[in-house]
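With the hints in hand, could you dock these two chains into one complex?
For the protein sequence lines, the chains are Z and A, in the order given. Residue numbering for the first sequence follows our numbering, beginning at 1 and increasing consecutively. Residue numbering for the second sequence follows our numbering, beginning at 1 and increasing consecutively.
Derived by calculation from the structure, the hints in this document are not laboratory data. Just so it is clear, the structure is predicted and the values come from calculations on it, not from any experiment. From the three backbone atoms N, C-alpha and C, an ideal C-beta is built for every residue, glycine too. There's no promise every hint is true.
[To be verified] A partial selection of chain Z residues facing chain A, derived with a Cβ cut-off under 10 Å:
| hint | residue |
| --- | --- |
| 1 | Val8 |
| 2 | Lys78 |
| 3 | Ile79 |
| 4 | Arg82 |
| 5 | Ile83 |
| 6 | Thr84 |
| 7 | Pro86 |
| 8 | Thr87 |
| 9 | Ser88 |
| 10 | Glu92 |
| 11 | Gly95 |
| 12 | Arg96 |
| 13 | Ile123 |
| 14 | Arg128 |
[What the hints assert, rightly or not] Think about it this way: if two alpha-carbon atoms lie no more than 25 Å apart in a straight line, the pair counts; the simulated DSS-like pairs of lysine-lysine are:
| hint | chain 1 | residue 1 | chain 2 | residue 2 |
| --- | --- | --- | --- | --- |
| 15 | A | Lys8 | Z | Lys7 |
| 16 | A | Lys109 | Z | Lys191 |
| 17 | A | Lys8 | Z | Lys231 |
| 18 | Z | Lys287 | Z | Lys255 |
| 19 | A | Lys109 | Z | Lys10 |
| 20 | A | Lys109 | Z | Lys153 |
| 21 | A | Lys109 | Z | Lys51 |
| 22 | Z | Lys287 | Z | Lys349 |
| 23 | Z | Lys51 | Z | Lys10 |
| 24 | Z | Lys14 | Z | Lys255 |
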Amino acid sequence: MSEAIIKVNKISKKYSIGGKRRKDTLRDSIMEAVSNSSAPVLQEHEFWALKDISFEVKQGEILGIIGRNGAGKSTLLKILSRITAPTSGRAEISGRLTSLLEIGTGFHPELTGRENVFLNGAILGMDRKTIARKFDEIVGFSEIENFLDTPVKYYSSGMYTRLAFAVAANLDSEILVVDEVLATGDVVFQKKSLEKMEQVAKDGRTVLVVSHSVATIQRLCNSVMLLDGGKVVTIGNPDFVIETYLERGLSSQAKIEWKSKNSAPGDNYARLKSVRILNKSGQVSGKINITDPFSIEIQYWVMRGDYRPTAGFYLRTQEGIHLLSSFDFQHSVYGGKQRIPGVYNSVCKIPGNFLAPGFYSITPIINYYFPVSGCNVECPKALSFEIVDNDDPKTAHRYVHTGWPGIIRPKLDWDINRV
Amino acid sequence: MTTVIRPKRSPWDINLHDLWRSRELLFVFVWRDIKVRYRQTFLGIAWVLFQPVVTTAVFSIFFGKLAKIPSGDLPYPLFSFSSLILWNFFSGGLTLASNSVVLMGPVIKKIYFPRLFIPLSAVLTSVVDFFVSLIPLILMFIYYRIIPSPLLILFLPLLLFMLSLNTLGLGLFLATLNVRYRDIRFLVPFFVQIGIFVTPVIYPLSIIYDYRKWFLIANPLTGIFETFRTLVAGSNNIDFGLVLISLLITLIVFTFGLFYFSRSEDNFADYV
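Chain A extracted, bound-state conformation (with noise of 0.2 Å):
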């Protein structure tokens, strides 16, 4: 086994065998993530709970109730709660993986091991959190007596993986910009904050009309959520053309973090 130590030549210059030989490094981040969390069992799955279900009585009496906004085939508390665990895992993974490399700070002063490990484990427990809310969706399905479209089970890989492109891919992006900017992690809750507006989360694409529709469009996690609300409720009428779109975008969100990130991340240690 011989290990080259040199420069990068470009930021392309990703050593894939380096990442690969150490993968099992990548499921211990995600199972000591999970452990942590989880440790106290009750309240980790307590709060990947909690959150949703609250979040979702409130949109649903303010929303819902008093501001009406139409939530097409589905009651709005199914419409919001099926929004909101995309939107946790999309703003939890956000946040984990965007401070996720300076934590690490006192790791990746000491040991070599690949950097790209940190935040992509971060997106990854997220995912596992993401299926723990599953739970309730599944339990309003029965309540409400909907039948989501056997599509479902074909297309939520799809539509998970696209999530998961879009967090790794700013969370690359603003983990870096985090190593020499301490402020940023100020700035990502902002970021969250306003980005549950200018995603169709609380209200469907449908009520947006003429050019402020494309600037939605324009958003790589409209396809996403709106693919997502289609089949829960039941329907097979996918937007095509739409979902295009945003894995496009999706691919080019994680191109760039992918840059961003590979650019520094072989000097982390001189910063961090």
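Just chain Z, with the same shape it has in the complex (with noise of 0.2 Å):
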């Protein structure tokens, strides 16, 4: 039981991204090539996802990794499941690690639910023969006998979501691999999923999980590794990784700063300068009061006049649910209005008793709009924090101790008459 099941030695992963202007056609590289005296060549900007990455996983062992946007937990899965090569660095994996990951992936329109369940075994690995053994099981376990014969294309999303995870659900692997940020959204398939792993985790098998959700590592997981910027900062005990990652403030990230507008997030129109969580006072800070208003400041750069910009973003619960979005174009004066090209700075003010205790993302957005409408920039999940209810009287609790349901916890009014 105590075997090495995965080996991790020294993996590094290096991208280059963000200050290049990303050559997407062979035209842009060639009128690069052509032209390099009109448009400066932006430096490449180099980063290093993960650097030196070095662990052990036990077989039987439920790993939880953690970490903020951008620690790397999402590449590190990837290079285990092989989706990408790391840049140096050695890895060795006794036994099949799939991914929960994978649902669905490759399904065919045209083709029927039975043949999708023979083309998706496939492609997950499976042979001919395990699939046959496994049909009835599977086609048992999606319930979707009746519509069998027929294209994928005419399943409702439920039905399809159903048949996907069934075949995933009874692939025989020693290492399940979940990784919960990328599947956000979608609230029946995490909760199958979590379902999925404790199931797994029973039976002794492996679980790599990553997770935003500390409630879950701490429910599952009997080690936990924390990443931040690319390295392991600690890994072992659960409580005291957690701990760990809860004190330094690693859970939230109030505050992103580009240096230069080269290598900042953006096209030729706009590019993000700085993201901000300010609290009452106008203090960054990633913990915020229920009882107390915040605010979300963008400052961005404006590069054109000719079109209408908008700064806005994406709240999202930890679990992943898009609980909101705000833009700035209802502004009284720059409100659907061309901008003269320089820096500007949107303020979003969000009241206090407004948002649950627990912890959300922000993806702050630039978009543009009229006579066209499209997206400049997207900066997934680049911001965390966390509302902490501190019993205080004012929140709409009062003074209920116990757990307070609801996904928003806005403090409403009420009358009372006595009639």
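Written out as structure tokens, the structure is:
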């Protein structure tokens, strides 16, 4: 039981993004080569998504991987599932590794449910005999017996997910990999993966799970690894690692800044300069008291005066539920207008007594609209923060100290009359 | 079963063991493409047949009747049809292969499987289409009362193999380019259009003289087309020198394509 099933030795992964203007077309490449005088070639921006990661996972271990956005969690899982290769280093995996991320991948809409089970199974690495043997089980699990010979393009999304999940869940593998962060949004899927994870864990198989949810990690894992900036901060006892995570403020990131315009995310029209979460006294803070109002400040460069930009953000819960979206185009002066190029600062005020306690992420966005609309920048979950409840009697739950249900917690007005 | 994860040491660091172990997937991909194409059996087969038959009719009128391009021992329609089924295999396979990796992008981003299977299955699918288009060829043999050389049975596999290697080699190259530069897909049809003229498809090699002939011989498809038509015409007069040159260049094309593909296949997921 104590045999290491995964051995990772100094894995590193380098990406080059951001700085360099992305040359998506051959024409861009050629134009750049020909006209090197007119447009300055931006410096290629390299960064290490992972740097010298080493660790071992033992048979039957349930390893949670935590860290803030960009810590390298998803990259690590991608390398271990061989989706992308490391830049250097070496890992050895004894046994089959499957990922619950893969559900439904490669389904062909024109093919029937039956055909897709075989296709998907093969893509996931099952041989035909195994699929044939498990076929009835898969179909039973998916509850779509009557539609087996219907092309999946006619399936409802529920049927589709059930069938896809049934194939993935019936894979025999020694190691299961779950990336909760990437599976955000689909609540049904998340619930199913969680159930599957618990069941697999009970069977004594090995599980690697990436999650933003401290609660999930605490409940499931018997070992936790904390990543930050592509490096292992600490690995081991869950309570200890989670404490480090929370203590160091790694669970929240209240500020993100780009030093130079060239390396900032965006395009030739607009680029992000900084995004900050400010508490009621205007200080950067990743911990907001539930009763306090706070603001989200987006600073950005507008480089062209001939279009209508709008800054905004998506606010998501840590479970990935898209709670709200807000954009500055309703502003009385700038809303709906073209802007003189320059640096702009858009601030959105969020009232106190509105969000429930918990962790949230902010995805800053710059869009343009009218006559055509589109996106200049979207930085998925660039920021994260926590709403804390210090048992303040001014909150919605007042003196109730047990859990208070609901994903938002506004303090609403009540009228009471004796009739 | 232990999987070792490490960066490739060189583009020749190809995991053959892995390819062999997942070979079933290759056939599942081909089966999927064939199934989808022939789902509506009539339209599927009709399309594979319709294209060369109509093109042959058009070519026979313009190149055969009006331009009077010589076609040796073969009636021009048979000449152009036998060339066109080879050409359609090449151009169809090349188009499918060069778009294949980008089309599989969503899957590549989520699952590992040998990336080589994607363009390879595209080419194999075209082989199946080629066999379907042999049916009208046989009908034409009967109509024109022409008996092809018995050597055709022997040489067809070799010629098909060479044509497949060319298609795959160029396909691997273009598929890789396509991952980085998305406008390649607009370039491929253009490339194919030019290709039909710099390959002896609508005319025989014999009408080209002097140095220009060497340009054509440097085209690895030339030997394949010439040999196929010689055998179709019932002659055993194969130009072995030409076949050898074509084979050599074919191997170079394939090796280059494989090298180019293998160099970046491990990182496709980061770009598609």
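Taking the hints in turn, this is what the structure says about them:
For the restraint placing valine 8 of chain Z at the interface with chain A, the shortest Cβ-Cβ distance is roughly 8 Å, inside the 10 Å limit, so the hint holds. Restraint check, lysine 78 of chain Z versus chain A: the minimum CB separation of about 7 Å is within 10 Å; hint holds. Checking isoleucine 79 of chain Z against chain A: minimum C-beta separation of about 6 Å stays under 10 Å; hint holds. Annotation: interface hint on arginine 82 of chain Z holds; nearest CB of chain A at approximately 4 Å, less than 10 Å.
Proximity of isoleucine 83 of chain Z to chain A holds as hinted, the smallest CB-CB distance being about 5 Å (cut-off 10 Å). A distance limit of 10 Å between C-beta atoms decides the matter here; for threonine 84 of chain Z the minimum to chain A is near 4 Å, and the interface restraint holds. Hint status for proline 86 of chain Z relative to chain A: holds, with the closest Cβ pair at about 6 Å, below 10 Å. About 6 Å separates the beta-carbon of threonine 87 of chain Z from the nearest beta-carbon of chain A, less than 10 Å, and the hint is met.
This hint holds: serine 88 of chain Z has a C-beta 6 Å from the nearest C-beta of chain A, less than the 10 Å allowed. Interface hint status for glutamate 92 of chain Z: upheld, as the beta-carbon distance to the closest one in chain A is roughly 6 Å, under 10 Å. A cut of 10 Å between beta carbons decides the hint on glycine 95 of chain Z: the least distance to chain A is about 6 Å, and the hint holds. With 10 Å as the threshold, the beta carbon of arginine 96 of chain Z comes within range of chain A, its nearest partner Cβ sitting at about 7 Å, so the hint holds.
Of the supplied interface hints, the one on isoleucine 123 of chain Z holds, with its beta-carbon coming within about 6 Å of a beta-carbon of chain A, less than 10 Å. Interface hint status for arginine 128 of chain Z: upheld, as the beta-carbon distance to the closest one in chain A is roughly 6 Å, under 10 Å. This hinted pair checks out: lysine 8 of chain A and lysine 7 of chain Z have alpha carbons roughly 18 Å apart, not beyond 25 Å. With a C-alpha separation of about 23 Å, the suggested pair lysine 109 of chain A and lysine 191 of chain Z falls inside the 25 Å cut-off, and the hint holds.
Taken as a hint, the lysine 8 of chain A and lysine 231 of chain Z pair is honoured in the structure, with Cα atoms around 23 Å apart against an allowance of 25 Å. Between lysine 287 of chain Z and lysine 255 of chain Z, the direct Cα distance comes to roughly 12 Å. Compliance with the 25 Å bound is thereby established for this hinted pair. With a C-alpha separation of about 23 Å, the suggested pairing of lysine 109 of chain A with lysine 10 of chain Z holds against the 25 Å cut-off. Of the pairs offered as hints, the one joining lysine 109 of chain A and lysine 153 of chain Z holds, with about 22 Å between alpha carbons and a cut-off of 25 Å not exceeded.
With a C-alpha separation of about 22 Å, the suggested pair lysine 109 of chain A and lysine 51 of chain Z falls inside the 25 Å cut-off, and the hint holds. Restraint check: the Cα-Cα separation between lysine 287 of chain Z and lysine 349 of chain Z comes to about 16 Å, which is no more than 25 Å; the hinted pair holds. Restraint check: the Cα-Cα separation between lysine 51 of chain Z and lysine 10 of chain Z comes to about 7 Å, which is no more than 25 Å; the hinted pair holds. For the hint pairing lysine 14 of chain Z with lysine 255 of chain Z, the CA-to-CA distance comes to about 24 Å; that is within 25 Å, so the pair holds.
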